[in-house]
Amino acid sequence: MSIEVPPPDEEERYLEKLVFGDAEGFDTNLKQVDNLFDFQDEETGLFEYDTSEDEDLGFELDHESSQDSGDDEEQSDDNNMDAVADADLYFVDESDEDKMDTGSDSQESDSASEYSDEEAVWQDSDDEKVTVSLLDRDNLRKLRHTPQDSKIRGKQYLQRLREQFERIHPRPAWADSVESGSEHESDAEDDARGTTDVLGSSNPLLEFLKSNQSYNLKAEDVRLLPAGKIDISRLTDANIKKISKSAVQTLSFHQTQPLLMTGGYDRTLRIFHIDGKTNNLVTSLHLRNSPIQTAVFDQDTIFAGGRRRFMHKWDVASGAVEKISRMYGHEATQRSFEHFKLSRNGKYIGLAGNSGWINVISPKTGIWLKGFKIEGTLVDFDFSQSADPTTPTVLVAVNKAGDVWEFDVESGASLDRWTDESGLGITRVRFGGHNTRWLAIGNNVGIVNVYDRLKQSHKPAVTIENLVTTVSSIEFTSDAQLLCVASRDKKDALRLVHLPSGRVFSNWPTSGTPLGRVTSVAFSPNNELLATGNESGKVRLWRLNHY
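Note that full-length UniProt numbering has the sequence shown beginning at 1, numbered continuously upward.
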C-alpha cells in the first residue's frame with residue numbers, strides 16, 4: 001500500500017528556497033558578486049600602483065622617506081626568540097647584516113638571486129609597479145632596514161619577507177646540501193648534523209680573529225687625565241644591528257681585537273665589530289634554556305654562565321661548545337655558575353659559590369683546582385690585575401658585613417683580613433691599576449670606598465658618595481686614572497671619577513644623556529671606549545677623547 005506524498009506547503013517552499021535558493025536569487029547574487037571583494041578596500045593604503053617612470057618613483061620615495069624620518073625610530077621587533085626550535089641547542093648566526101643596510105634596489109636584487117640560481121617559471125609584471133607602505137601597519141615596520149624606510153617596491157617587499165622568515169626559522173643544513181648538488185658535501189654535513197660545532201671555514205668570528213685588526217696598545221708614556229671636565233662624545237650604539245631582547249647583563253671587550261660581546265636573559269651571545277659607525281654584528285650564539293648572567297673573552301675562547309649548574313665554553317677555533325660542570329665532590333658548594341670571573345693572566349676561573357665558598361677551576365680543562373672559604377655570605381670577589389703569569393695571583397673576597405679577605409691563589413694562603421669602613425650592605429669589590437694598586441668597594445647606599453694598597457692602609461684614599469642607590473657596577477680603566485660607578489636601581493645613575501684627585505666629573509653625564517637603567521659597564525683595553533648596557537637591551541657607546 002503506497003502513501004501519497006502531499007505537495008509542499010508554503011512554509012516548506014520557503015525553507016527550500018533558503019537552503020537551495022532559486023533562479024531569481026542566483027541571478028541577483030551574480031550581479032552583486034563584486035561585493036565579495038570589499039575587503040580589498042582595506043589594502044588601499046598598503047599597496048599603491050605606480051605608472052610613472054623609475055626615476056620619478058625614486059624621487060617620490062626619497063621625498064616621502066624624508067618626511068617620515070621624524071617617526072618613532074625605536075619600534076621593537078616581535079619576540080622572535082621563542083621561535084627557536086627546542087631541538088636546536090646551539091644556533092650560530094652567521095649573517096652579514098651590513099649587506100642589507102643600504103636598502104638599494106641593486107643590492108636587494110643581488111641578494112634575491114641567492115635563493116634561486118634559475119629564472120622563475122612565472123613572473124608577475126605587477127611586482128615591478130606595486131609599492132608597499134611599511135608604516136601603515138605595525139607588523140610591517142620590522143621590515144624596515146633604516147628608520148627612514150617608508151615605501152619599497154614589490155620585489156623588495158617579497159625579498160624582505162623571505163629574509164624575515166629565515167631569521168625566525170634558520171635555513172636547515174639539508175637545504176644547502178640539496179641545492180649544492182654535491183654528494184660529498186651532503187655526506188659530510190650528514191655526519192656533522194646534530195653537533196654543536198661551527199665549521200672553521202664558515203665561522204665569521206674565527207675569520208675576524210685571524211685578521212690584522214687590533215687595538216693600538218703601544219707602550220707609551222701615560223698622559224695625565226685632567227680633572228674637572230671630561231672630553232667625551234657619543235658614538236653609534238654598539239648593538240645597533242641587533243638590540244637584545246632583554247637587559248644587557250654582561251659586556252666584554254676582546255683583549256686585542258675591536259670586538260664587544262653582549263649577553264643577557266634572552267640566552268644569546270652577540271659579538272659586534274666596534275668601529276664607532278656601523279658596529280656590524282659578527283656572529284651570535286644562542287644557548288637554549290641558558291639565561292646568561294656573565295660572559296668573558298679569553299683570546300680565542302669564550303666563557304658564559306647563568307643560573308645553572310654548568311657554564312659554557314665556546315672554542316672559536318674549532319667551533320665546539322662544551323659544558324663545564326666537573327666539580328669533583330664540591331657540587332654542594334656550587335649551585336650556580338652565574339657569577340664567575342677570569343683572572344687577568346688567564347690561569348684561573350673563580351666561581352661565586354654558596355655558604356661563603358669561592359671555587360677555582362682551570363679555564364683549559366674545566367677541572368676544579370681549589371676552593372676558598374670566608375665567613376658569612378659571599379657577595380663579590382675579584383682577581384688581581386697582573387697579566388704576568390709569573391706574578392702571584394691575589395684573590396679578594398668580601399661578605400655583606402664588609403669583612404674583606406685576601407688570598408694567594410697559588411699557595412692557598414690567607415694574606416690579610418680586614419673590614420671596610422662602610423660596614424654593612426657591601427655589594428661590589430673591584431681591583432684596578434698597575435700592580436693592582438687600587439681596590440674599590442661599593443655598598444647598597446651608593447657609597448664607594450677606594451683603597452690605595454701601596455700605602456698598606458685600611459683607610460679609604462677616596463670616598464665617592466654621588467650615588468644614592470645600590471652600587472651594581474664598578475670598573476677601572478687600565479691606567480686607573482678613571483673609575484666608573486653605576487647603579488641599576490635608578491635611571492641614569494652613573495658617575496665617572498677622576499681617581500688621582502677623587503673628584504667626579506661635573507660635565508657628564510647630563511640630564512639629557514640617554515643612559516637608562518645601567519646594568520653593565522665595560523672599558524675597552526686601550527681605554528678609548530666606554531660601553532654601557534641598560535635594561536632596554538641597548539648598549540650605548542662613548543669615546544673618551546683624551547685617550
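Just to be clear, a hint being listed does not mean it is correct.
Below, simulated SDA-like cross-link-like pairs (lysine to any residue); rule was C-alpha separation at most 25 angstroms, straight line [to be verified]:
| # | residue 1 | residue 2 |
| --- | --- | --- |
| 1 | K400 | P389 |
| 2 | K347 | N289 |
| 3 | K241 | I230 |
| 4 | K341 | T278 |
| 5 | K490 | R417 |
FRET-style restraints, in silico, Cβ to Cβ [said to hold, decoys possible]:
| # | residue 1 | residue 2 | range |
| --- | --- | --- | --- |
| 6 | R288 | Q255 | 49 to 55 angstroms |
| 7 | P500 | D138 | 38 to 44 angstroms |
| 8 | S233 | K142 | 29 to 35 angstroms |
| 9 | A413 | W508 | 22 to 28 angstroms |
| 10 | T390 | S233 | 36 to 42 angstroms |
| 11 | G423 | E166 | 34 to 40 angstroms |
| 12 | K459 | N545 | 47 to 53 angstroms |
| 13 | A320 | G502 | 28 to 34 angstroms |
| 14 | G512 | E322 | 30 to 36 angstroms |
| 15 | P389 | S325 | 37 to 43 angstroms |
| 16 | K142 | L424 | 27 to 33 angstroms |
| 17 | G512 | R288 | 50 to 56 angstroms |
| 18 | T301 | E331 | 38 to 44 angstroms |
Source of the hints: derived by calculation from the structure; they are not laboratory data. On a predicted model such as this, the values are computed, not experimentally measured, just so you know. Where is the CB? At the ideal position from N, CA and C, for every residue including glycine.
Structure-based check of all given hints:
1. For the suggested pair K400 and P389, the alpha carbons sit about 31 angstroms apart, so the restraint of at most 25 angstroms is broken.
2. For a cut-off of 25 angstroms, the pair hint linking K347 to N289 is broken: about 29 angstroms separates their Cα positions.
3. Of the pairs offered as hints, the one joining K241 and I230 is violated, with about 29 angstroms between alpha carbons and a cut-off of 25 angstroms exceeded.
4. The straight-line distance between the Cα atoms of K341 and T278 is roughly 30 angstroms, outside the 25 angstroms bound, and the hint therefore fails.
5. Proposed proximity of K490 and R417 is contradicted: the alpha carbons are some 33 angstroms apart, above 25 angstroms.
6. With their beta carbons about 28 angstroms apart, R288 and Q255 fall outside the hinted range of 49 to 55 angstroms.
7. Range check, P500 to D138: Cβ separation about 52 angstroms, and the 38 to 44 angstroms hint is violated.
8. For S233 and K142, the hinted distance range of 29 to 35 angstroms is satisfied, since their beta carbons lie about 31 angstroms from each other.
9. For the pair A413 and W508, the supplied restraint of 22 to 28 angstroms is violated, since their beta-carbon distance comes to about 43 angstroms.
10. Checking the proposed 36 to 42 angstroms range against T390 and S233 shows it holds: the Cβ atoms sit about 40 angstroms from each other.
11. For the pair G423 and E166, the beta carbons lie near 56 angstroms from each other, so the given range of 34 to 40 angstroms is not met.
12. The beta-carbon spacing between K459 and N545, approximately 34 angstroms, falls outside the hinted interval of 47 to 53 angstroms.
13. The supplied range of 28 to 34 angstroms is broken by A320 and G502, whose beta-carbon atoms lie about 47 angstroms from each other.
14. At roughly 46 angstroms, the beta carbons of G512 and E322 sit outside the given window of 30 to 36 angstroms.
15. Take P389 and S325: their Cβ atoms lie about 26 angstroms apart, and the range 37 to 43 angstroms is violated.
16. At roughly 48 angstroms, the beta-carbon separation of K142 and L424 lies outside the given 27 to 33 angstroms, and the hint is violated.
17. Range check, G512 to R288: about 40 angstroms between beta-carbon atoms, so the 50 to 56 angstroms window is missed.
18. A hinted range of 38 to 44 angstroms is violated for the C-beta pair T301 and E331, which are about 24 angstroms apart.
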